[in-house]
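Q: Please put together the full structure from these sequences, using the hints given.
In my numbering, the protein residues as written are 1 to 299.
Think of the hints as simulated: they come from the structure by calculation, not from any bench. Predicted model only: the values in this text are computed from it and were never measured. Worth double-checking, as some hints may not be accurate.
What the hints assert, rightly or not - Derived pair list, reagent style DSBU-like, types lysine-lysine, alpha-carbon separation capped at 35 angstroms:
#: 1; residue 1: K45; residue 2: K104
#: 2; residue 1: K45; residue 2: K284
#: 3; residue 1: K45; residue 2: K68
#: 4; residue 1: K68; residue 2: K104
#: 5; residue 1: K104; residue 2: K284
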Amino acid sequence: MTVTLEWLGCATYRLRIGSMVVMLDTFVDRIPSAPDVGIRSDQIKEADFALIGHSHWDHLAGADVVAKNTGARVICSHESARILRERGVDSSQLWQAQGGERFKLSDDVSVRVFPSLHSCVWARMANAGIPVTGDLGMTEQDKAAQQAAGQQARAGDMAQHVLDHRAMMASVATSDSTGGVLDFLIETPEGTILFQDSMGYWTGIYGSLRPDVALLAAAGRGNIDGEPVQGSMEDFVVRECDLLRPRHVIFSHHDNFIGTPGRPDLADISPITDAVARVFPHIKVSNMAIRDTITLFQR
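A: Here it is as structure tokens:
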């Protein structure tokens, strides 16, 4: 059985396991200033399943289109399922999860679902290579107030990419809530693949997974057991890899998916990849470009 992975930007992948097609997130419809991924959700004509990590627009958008066009079953949180149902997806296609489930995808492929965490969007953050500390012990009210202050500061921005983004947000499947972040461990006869679509984890869970391949998000301020990492993005990833002990790591979410003018299409994550290579020389790290396809397993 051959297993291949195609990166479609942000945390979206098209995973082919033999003849089965599994979408990992579904966000591909972008505003003009964002790097083109070469495909729209209405052009995805083949999918057996879609695994959605959480309910924000940059992960859930397009899931309704893909599900209705292909008949794909969507494994997602209750919040994501609610949104998709309201957008016309048949309930029979929505397999709801909150962590702890195991779903059979075929006679020899299954997926286990685990509760996870979103990156610390309320906290101060920096690019890879720059350590950030503080923001510890905040209540949910503190976090909401700090995040709202940042949003208010940007509320008057009338730049074209901001207007395009607001229009896009009004037209796609999304929620203000994460809906409860989920990670997926895909089990195939050739090996296991961990799909994480936001930079967070529970230590107790990650210490027991041992995936062969880890698809890890590399954007924002990492979240460890509900608190922001005290250090850099690479500090977070090194701790993550120490827990997971994968043989192969692939990073995502570091492209300019929001479409901010002046930003490179791909952020520089070399401090992360260099740190992984230094601390774990046995781990293979694949640097994928958008629309690249690589072979994960082949028999």
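Q: Starting from K45, check that the Cα of K68 is at most 35 angstroms away, please.
A: Holds, at about 10 angstroms.
Q: Regarding the pair K45 and K104, is the alpha-carbon distance no greater than 35 angstroms?
A: 22 angstroms, holds
Q: Please verify whether K68 and K104 have alpha carbons no more than 35 angstroms apart.
A: Within the cut-off at roughly 21 angstroms; holds.
Q: Holds or violated: K104 with K284, Cα cutoff 35 angstroms?
A: 29 angstroms, holds
Q: Under the criterion that the straight-line Cα-Cα distance not exceed 35 angstroms, is the pair K45, K284 satisfied?
A: Between K45 and K284 the Cα gap is close to 32 angstroms, so the pair holds against 35 angstroms.
The structure meets every hint from the earlier list without exception.
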